[in-house]
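K.L.:
Sequence:
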Amino acid sequence: MYERKIPQNIQCPIEKGLDIFNGKWKSRVLCVLARHQTLRYSEFKEEVPEITDTALTSTLKDLVSTGIITRRQYEEIPLKVEYSLTIHGKEAVEILEAIALWTNKYTKELLNYDTMPICSNCLFKGN
Numbered sequence: 001m002y003e004r005k006i007p008q009n010i011q012c013p014i015e016k017g018l019d020i021f022n023g024k025w026k027s028r029v030l031c032v033l034a035r036h037q038t039l040r041y042s043e044f045k046e047e048v049p050e051i052t053d054t055a056l057t058s059t060l061k062d063l064v065s066t067g068i069i070t071r072r073q074y075e076e077i078p079l080k081v082e083y084s085l086t087i088h089g090k091e092a093v094e095i096l097e098a099i100a101l102w103t104n105k106y107t108k109e110l111l112n113y114d115t116m117p118i119c120s121n122c123l124f125k126g127n
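For what it's worth, full-length UniProt numbering labels the leading residue of the sequence shown as 1, then goes sequentially.
None of these hints come from the bench; they were simulated from the model. None of these values were measured; they are calculated from a predicted model. Do not take every clue at face value.
Said to hold, decoys possible - Pairs of lysine to aspartate or glutamate residues, derived as EDC-like cross-links and limited to a Cα-Cα distance of at most 16 angstroms, are as follows:
{"hint": "1", "residue 1": "Lys24", "residue 2": "Asp62"}
{"hint": "2", "residue 1": "Lys26", "residue 2": "Asp62"}
{"hint": "3", "residue 1": "Lys24", "residue 2": "Glu50"}
{"hint": "4", "residue 1": "Lys26", "residue 2": "Asp53"}
{"hint": "5", "residue 1": "Lys26", "residue 2": "Glu94"}
{"hint": "6", "residue 1": "Lys26", "residue 2": "Glu47"}
{"hint": "7", "residue 1": "Lys26", "residue 2": "Glu50"}
{"hint": "8", "residue 1": "Lys80", "residue 2": "Asp19"}
{"hint": "9", "residue 1": "Lys16", "residue 2": "Glu50"}
{"hint": "10", "residue 1": "Lys80", "residue 2": "Asp62"}
{"hint": "11", "residue 1": "Lys61", "residue 2": "Glu82"}
{"hint": "12", "residue 1": "Lys61", "residue 2": "Asp19"}
{"hint": "13", "residue 1": "Lys45", "residue 2": "Glu91"}
{"hint": "14", "residue 1": "Lys26", "residue 2": "Glu91"}
{"hint": "15", "residue 1": "Lys26", "residue 2": "Glu109"}
What the hints assert, rightly or not - Simulated DEER-style distance windows between Cβ atoms:
{"hint": "16", "residue 1": "Ser42", "residue 2": "Cys12", "range": "12 to 22 angstroms"}
{"hint": "17", "residue 1": "Cys12", "residue 2": "His88", "range": "27 to 37 angstroms"}
{"hint": "18", "residue 1": "Glu109", "residue 2": "Arg72", "range": "39 to 49 angstroms"}
{"hint": "19", "residue 1": "Asn22", "residue 2": "Thr86", "range": "13 to 23 angstroms"}
{"hint": "20", "residue 1": "Gln37", "residue 2": "Ala98", "range": "13 to 23 angstroms"}
{"hint": "21", "residue 1": "Leu110", "residue 2": "Ser65", "range": "31 to 41 angstroms"}
{"hint": "22", "residue 1": "Arg72", "residue 2": "Glu50", "range": "38 to 48 angstroms"}
{"hint": "23", "residue 1": "Ile99", "residue 2": "Gly67", "range": "17 to 27 angstroms"}
{"hint": "24", "residue 1": "Thr52", "residue 2": "Ser84", "range": "19 to 29 angstroms"}
Each residue gets a CB set at the ideal place from its N, CA and C atoms; glycine is no exception.
From just these sequences and the hints, can you work out the full model?
P.N.:
Following this line, the structure appears as structure tokens:
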């Protein structure tokens with residue numbers, strides 16, 4: 001997990017919430033996990049092929065450490081590990097959906113985009 005050189009001075013719940021979801025891949029990993037319920041590492045790589053191993057590993061560790069997803073390791077060979085959303089993660093996906101709907105509206109009304117670039121299987125395509 002990334003360690004900051006200068007400690008953050010978070011002053012409010014909005015800042016903390018945004019800090020939890022700060023990162024290039026977190027929203028996409030959560031969206032993919034919400035669609036599939038449970039995924040293994042290799043399945044994340046299939047769903048988000050442009051993510052590097054380092055970025056995926058770091059993103060998963062961050063989301064596990066904040067309680068947004070769970071990591072379940074099975075005692076078998078070969079090693080089997082599955083990731084799924086926690087209750088907090090499911091609530092977070094609802095927040096991401098609201099952001100996606102707002103963004104779709106905002107880009108159409110204010111930025112004159114007809115469509116936003118989206119994942120091919122996005123849960124939040126909206127109007």
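K.L.:
Keeping to a limit of 16 angstroms between CA atoms, is the pair of Lys80 and Asp62 held or broken?
P.N.:
violated (20 angstroms)
K.L.:
Range hint 31 to 41 angstroms: satisfied by the CB atoms of Leu110 and Ser65?
P.N.:
At 36 angstroms between Cβs, range holds.
K.L.:
Is the Cα-Cα distance between Lys26 and Asp53 16 angstroms or less?
P.N.:
OK: Lys26 and Asp53 at ~14 angstroms, within 16 angstroms.
K.L.:
So if I understand the rule, the pair passes when the alpha-carbon distance is 16 angstroms or less; does Lys26 with Glu94 pass?
P.N.:
It holds: about 14 angstroms lies between the C-alpha atoms, which stays within 16 angstroms.
K.L.:
Quickly compare the C-alpha distance for Lys26 and Glu47 to 16 angstroms and report which way the hint goes.
P.N.:
Roughly 14 angstroms between the alpha carbons, so the hint for Lys26 and Glu47 holds.
K.L.:
Does the Cβ distance between Gln37 and Ala98 fall inside 13 to 23 angstroms?
P.N.:
holds (21 angstroms)
K.L.:
Lys26 and Asp62 were given as a pair; does the straight-line alpha-carbon distance stay at or below 16 angstroms?
P.N.:
holds (9 angstroms)
K.L.:
Is Lys45 within 16 angstroms of Glu91, Cα to Cα?
P.N.:
Distance of about 24 angstroms is beyond 16 angstroms: violated.
K.L.:
Do the alpha carbons of Lys24 and Asp62 lie within 16 angstroms of each other, as the hint requires?
P.N.:
Roughly 12 angstroms separates the two Cα atoms, so the pair holds.
K.L.:
Does Glu50 sit within 16 angstroms of Lys16, going by the straight-line distance between their CA atoms?
P.N.:
violated (28 angstroms)
K.L.:
Hint check: Lys24 vs Glu50, CA-CA at most 16 angstroms. Holds or violated?
P.N.:
holds (12 angstroms)
K.L.:
Straight-line Cα separation of Lys80 and Asp19 no greater than 16 angstroms?
P.N.:
violated (30 angstroms)
Checked against the numbered hints given earlier, the structure breaks hints 8, 9, 10, 13, 15, 16, 17 and 22 and satisfies all the rest.
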